[in-house]
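**Q** Those sequence lines, one after another, are chains A and B. Here my numbering is used: position 200 in the first sequence is 349, and no number is missing along the way. Here my numbering is used: position 106 in the second sequence is 128, and no number is missing along the way.
Keep in mind the hints are simulated off the structure, nothing from the lab. Some clues are possibly wrong.
Said to hold, decoys possible - Chain A regions said to be covered by chain B (calculated; three or more residues, Cβ under 8 Å):
(1) 330-341
(2) 459-465
(3) 482-495
Said to hold, decoys possible - Output of the computed footprint for chain A on chain B, the stretches with three or more beta carbons under 8 Å from beta carbons of chain A:
(4) 62-72
(5) 104-110
(6) 129-143
Just so it is clear, CB atoms sit at the ideal spot from N, CA and C, and this is done for glycine as well.
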Amino acid sequence: MFWVGTATIVVLFFAFLKDRHGVLNDFVGVAVLGSLLYYLYNEPDFKSFHSYLFSHLPLLAAAFIGACVRLINEDFYENFSSIFQIAIVGAFIWIFARVANSKRQDEALRVAAERKAELEALVNERTAELTLQKNELEQAVTELKSTQAQLIQAEKMASLGELTAGIAHEIQNPLNFVNNFSEVSMELIDEMGQELERGDIEEAMAIASDVKQNLEKIGFHGKRADGIVKGMLQHSRASTGQKELADINVLADEYFRLSYHGLRAKDKSFNATLVTNFTPGLPQVNIIQQDVGRVILNLFNNAFYAVQQRQKQSGTDYKPTVEVSTALLSGFIQIRIKDNGTGIPDEIKEKIMQPFFTTKPTGEGTGLGLSLSYDIIVKAHNGTIDIDSKENDYTQFTIKLPLTN
Amino acid sequence: MKILVVDDEADVQPLFLQRFRKEIRNHELEFNFALSGEEALDYLKEKHSEVVLILSDINMPGMSGFDLLTRIRNDYGIPPPPVVMMITAYGDEESYQQAMDKGANDFLTKPLDFNLLKEKLKPLIV
Chain A
150 MFWVGTATIV VLFFAFLKDR HGVLNDFVGV AVLGSLLYYL YNEPDFKSFH SYLFSHLPLL
210 AAAFIGACVR LINEDFYENF SSIFQIAIVG AFIWIFARVA NSKRQDEALR VAAERKAELE
270 ALVNERTAEL TLQKNELEQA VTELKSTQAQ LIQAEKMASL GELTAGIAHE IQNPLNFVNN
330 FSEVSMELID EMGQELERGD IEEAMAIASD VKQNLEKIGF HGKRADGIVK GMLQHSRAST
390 GQKELADINV LADEYFRLSY HGLRAKDKSF NATLVTNFTP GLPQVNIIQQ DVGRVILNLF
450 NNAFYAVQQR QKQSGTDYKP TVEVSTALLS GFIQIRIKDN GTGIPDEIKE KIMQPFFTTK
510 PTGEGTGLGL SLSYDIIVKA HNGTIDIDSK ENDYTQFTIK LPLTN
Chain B
23 MKILVVDDEA DVQPLFLQRF RKEIRNHELE FNFALSGEEA LDYLKEKHSE VVLILSDINM
83 PGMSGFDLLT RIRNDYGIPP PPVVMMITAY GDEESYQQAM DKGANDFLTK PLDFNLLKEK
143 LKPLIV
């Protein structure tokens with residue numbers, strides 16, 4: 150700033166010396182314009198006008214050069230004054246062109262700003278839509294989870310319903326014994342009285358021993374019915390998730406018969422050979438009894454269904470057979486359920502564990518049995534389920550339950 | 023008179039033996055028991071000419087009572103054919119019809135009314 154000021158004064162001095170008051174006017178004009186431009190450039194309020202200020206520079210330059218030339222050589226200047234005036238006019242034209250251009254630029258900027266505002270509004274709209282969709286999806290997920298829970302409960306109730314017929318039959322037998330043995334015991338007591346009156350003590354003692362045996366049987370069958378009812382209640386109750394030690398042979402045998410009788414109750418013409426190969430003396434396993442029981446029941450139901458289906462297609466030579474076997478492997482208890490039914494085609498072997506997949510006609514199966522079984526055995530008990538099957542020949546499910554978990 | 027009782031529940035044996043105590047003691051009746059249809063057929067192979075009455079449960083694992091009935095009617099058709107009565111927990115019309123169609127002589131429901139059974143046996147004993 151100081152040097153500009155000094156230079157201006159020096160130039161003005163020379164101009165004054167030469168007494169070219171025309172030239173002095175020119176320099177004064179340039180100085181005034183230059184200072185004004187410089188002042189405005191530094192004012193923060195005029196920041197946006199910088200390009201407008203710059204557009205004055207050609208004018209400043211033309212005027213300054215013209216004044217310098219006039220100072221140095223007035224004649225030269227006079228000869229070419231038209232050129233210098235054209236330069237000055239050109240500078241003014243430049244200013245107007247720049248102003249027009251900047252006006253156009255401003256217009257474009259304004260349009261751009263408008264578009265930007267529009268786009269922002271669109272984005273906000275979209276965001277609101279997406280947020281709404283997200284909320285709806287979250288709600289749908291919650292509903293689905295609740296439906297899934299309902300379906301799992303329905304599956305439990307369905308399998309419970311299937312069990313009911315089997316259970317009714319299973320309870321009927323022990324109850325019959327309780328009734329029959331009490332009736333016959335009453336008759337025997339009467340007889341015993343007669344024998345005592347007759348003095349035949351030996352016969353009376355024989356009868357007494359029979360009565361005692363009958364009472365033992367009544368107790369036994371009563372407990373049997375009690376056990377079946379308890380088992381049924383366990384099955385319907387929500388799983389407590391408590392693991393307890395259990396005898397796999399007893400569990401498998403119980404559900405084997407329940408499943409068979411359940412199916413027979415629905416279809417009296419159905420028959421199958423039941424084969425059991427329980428390895429005696431198996432160590433107890435730490436399991437959630439009602440869950441593992443449900444798995445075994447499901448596999449039995451499937452096995453009986455498969456042989457039943459095959460029987461419908463086959464002649465009298467076909468002997469439907471379902472076999473259950475247990476074994477002790479190193480660190481595992483193995484349960485094998487084999488049937489000589491319709492088998493599983495290779496194409497659907499991968500799918501059968503999927504939820505809701507079923508080959509049964511609509512209304513006959515929920516399609517959840519195997520997927521729940523998979524969850525129970527593999528996830529909850531760290532076990533494995535393996536499937537081996539040949540279409541129209543046999544199907545074998547192998548469950549392995551670890552002894553320590 | 024030899025009677026064969028076919029039922030997979032072993033406890034029917036003391037029941038029959040006690041209920042028919044007198045008849046057994048008087049040698050009016052003799053009871054034999056089979057726990058399955060197969061066992062019954064094995065027994066009949068030897069003794070079919072002596073067995074007058076067969077009482078069979080319908081609901082048994084393996085060979086059902088109906089299968090046994092059919093086999094008996096096929097294998098032992100030469101007169102006099104053994105009298106076969108079905109005993110079952112399922113006392114419905116369908117089961118009754120099926121039993122009759124397959125050639126059963128009578129149909130009894132569980133729990134067994136032994137007095138009724140004794141009535142039905144009376145004409146056979148004579």
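**Q** Hint by hint, which ones does the structure fall short of?
**A** 2, 3, 4 and 5
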